[in-house]
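**Q** When you get a sec, could you build the whole thing from the sequences and use the hints?
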Amino acid sequence: MEYKLTFKEFNKALKKGRLLGLKCRDCDKFTCPPKMACQECGSTNLDTAALGGSGKIVTFTVSYVPSEGRDAEVPYTIVMVELDEGPWLMGNLTDMDPNRVTMDIVGRRVQLGSRSKVLPGDAYSIGGKEAEGGFARPTFIFA
Amino acid sequence: MRKVAVVGTGHTPFTFASDKSSVELFSEAAMDAINESNLKPKDMQALYVGNVLGDFSEGQAMVQSYCADDIGAFNIPATRFEGACASSTLAIRDAFIWVASGFYDVVLAGGVETAAKMGTPLATRTFAMAHDSHYEYPIGLTFPGFFAMLAHLYSSKYGVPLQRLKEQMALVSVQSHRYGVHNRVAQFHKEITVEDALTSFMVCSPLQLYDCCPFSDGAAAVVLASEEKARQLTDKPVFITGVGQSSSGKLSSQKDYAPRIRAREVSVKQAYDMAGIKPEDVDICELHDCFSIASIIAAESLGFAEYGKGGELWEKGEAKVGGRIPINVSGGLKSKGHPIGATGASQVYEVVHQIRGQVEPERQVEGVKIGLTDTLGGDGVLCNIVLQKGW
Chain A
0 MEYKLTFKEF NKALKKGRLL GLKCRDCDKF TCPPKMACQE CGSTNLDTAA LGGSGKIVTF
60 TVSYVPSEGR DAEVPYTIVM VELDEGPWLM GNLTDMDPNR VTMDIVGRRV QLGSRSKVLP
120 GDAYSIGGKE AEGGFARPTF IFA
Chain B
0 MRKVAVVGTG HTPFTFASDK SSVELFSEAA MDAINESNLK PKDMQALYVG NVLGDFSEGQ
60 AMVQSYCADD IGAFNIPATR FEGACASSTL AIRDAFIWVA SGFYDVVLAG GVETAAKMGT
120 PLATRTFAMA HDSHYEYPIG LTFPGFFAML AHLYSSKYGV PLQRLKEQMA LVSVQSHRYG
180 VHNRVAQFHK EITVEDALTS FMVCSPLQLY DCCPFSDGAA AVVLASEEKA RQLTDKPVFI
240 TGVGQSSSGK LSSQKDYAPR IRAREVSVKQ AYDMAGIKPE DVDICELHDC FSIASIIAAE
300 SLGFAEYGKG GELWEKGEAK VGGRIPINVS GGLKSKGHPI GATGASQVYE VVHQIRGQVE
360 PERQVEGVKI GLTDTLGGDG VLCNIVLQKG W
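These protein sequence lines are chains A and B, in that order.
Counted the way numbering that gives the first Met the number 0 counts, the first sequence spans residues 0 to 142.
Counted the way numbering that gives the first Met the number 0 counts, the second sequence spans residues 0 to 390.
Be aware that a few hints might be false.
With a straight-line cut-off of 27 Å between C-alpha atoms, the simulated BS3-like cross-links for lysine-lysine are [said to hold, decoys possible]: (1) B:Lys-249 with A:Lys-116; (2) B:Lys-254 with A:Lys-28; (3) B:Lys-249 with A:Lys-128; (4) A:Lys-22 with B:Lys-249; (5) A:Lys-28 with A:Lys-14.
In short, the hints are calculated from the structure, not lab data.
**A** Written out as structure tokens, the structure is:
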């Protein structure tokens, strides 16, 4: 059984600011990030779909302790966004100074920016052809 | 299925970077467990070892085979379990099932980790491997980041003002340290105050230094035996009466229940049902407090408090020795330490010793008959074990 929407395709689209997901023919709900089976009902009757990239922030954190090789990034803001279509998508919030981020951002509407930041691979991902050109990071701005 | 008992236990100190290898540490814990059980290494019919990151911390994979060989348990079947921080609980649960089924009579199970050796940058990178490598790591998600997001979500969903939640979290860490002082195997032997916790540096908002468990090195092991065998070996068998295990996807897959970890509720229900008990029957609990917020979230899913009210257990002193439900009076992961492959076995060790009345008097709970362990590996592995006094 072929994997319908791979990371490779998702990543390529995200780099161009397009958010892809899967729509289930059995329950009509969306799955994003993509999987083999519908995240709501488990069916594999799925079609690739373009999602709008808009939603609201449900939670966040500002990270101050970097992972190996990523010192230059801190501090940075991670948000979990409930997309209008239903799924939750994790990404970075880029149009607020991380040091000024508070609980006030929970509930605010955001949208995917037209350009996603890209993380180059590291020692643990360098060989994967699915990650050629780096990993796109969903990048959100306030709507 | 036959009844299965813990007949021997072993536990190294949990420390900062060790000067011993993973094989050496596990061998020490294993030999203590075997000796305590009045058996010999050659009596072990199988070895199950939890070890998550030995490949990175020492360049050593396949540690389980070398551990078996090292202690003189030549050629026995040896298997490595990887379930992030739940690895050795998985090992013990599996060992229980093989003995209960009658396939084996005596199995050695436990775990080892040398995470502290890696130093913070590499440890942070490798611990982040317990999250999604393609859809989360590029965004910069790290292990504390995941729990930090749960903390903000908890505050928002249950309407607990963040400042109050942080004070509840601080109380969890203060209690952990108070008991760790009296645990000979603990990594930290110093108390902290709420003010220390609230003024320490920010790791991932809202989690500060003392909300976070350390990187640790250490090992723990137990010997499991069938009831018949156990009664020949000891007059103080501690029976495993319930086990549970569950898995889950990454955080975005958990949207319907977050900040509850649904998989824990599935797993602990299996364990409670198998043991024929309810949460109120539990006399002591070693739960997965990798971060202070994780204690609060776990206590609720294990049935000790209503959702949104878990922090009140610590505010009201209900989680201490003498309280309604003593939680992590070993010092927990926060002050006892968290060598992730070994933690599950360490929790079982603590519960067994509490049931036997063998822990330091400052943290011994009176009359323990039933204990529960709870481990959450990464965001995706849950395992619970119920233990009961057998005499």
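**Q** Is it true that the CA of Lys-249 (chain B) sits at most 27 Å from the CA of Lys-116 (chain A)?
**A** holds, 21 Å
**Q** Please work out if Lys-249 (chain B) and Lys-128 (chain A) have their alpha carbons no farther apart than 27 Å.
**A** holds, 23 Å
**Q** Would you mind confirming whether the straight-line C-alpha gap from Lys-22 (chain A) to Lys-249 (chain B) stays at or under 27 Å?
**A** Measuring from Cα to Cα gives roughly 19 Å; hence the hint holds.
**Q** Between Lys-254 (chain B) and Lys-28 (chain A), is the straight-line Cα distance small enough, at 27 Å or below?
**A** Answer holds: Lys-254 (chain B) to Lys-28 (chain A) is near 14 Å, not above 27 Å.
**Q** Hey, Lys-28 (chain A) versus Lys-14 (chain A), does the alpha-carbon distance stay inside 27 Å?
**A** holds, 24 Å
Against the hints set out earlier in the document, no violation occurs for any number.
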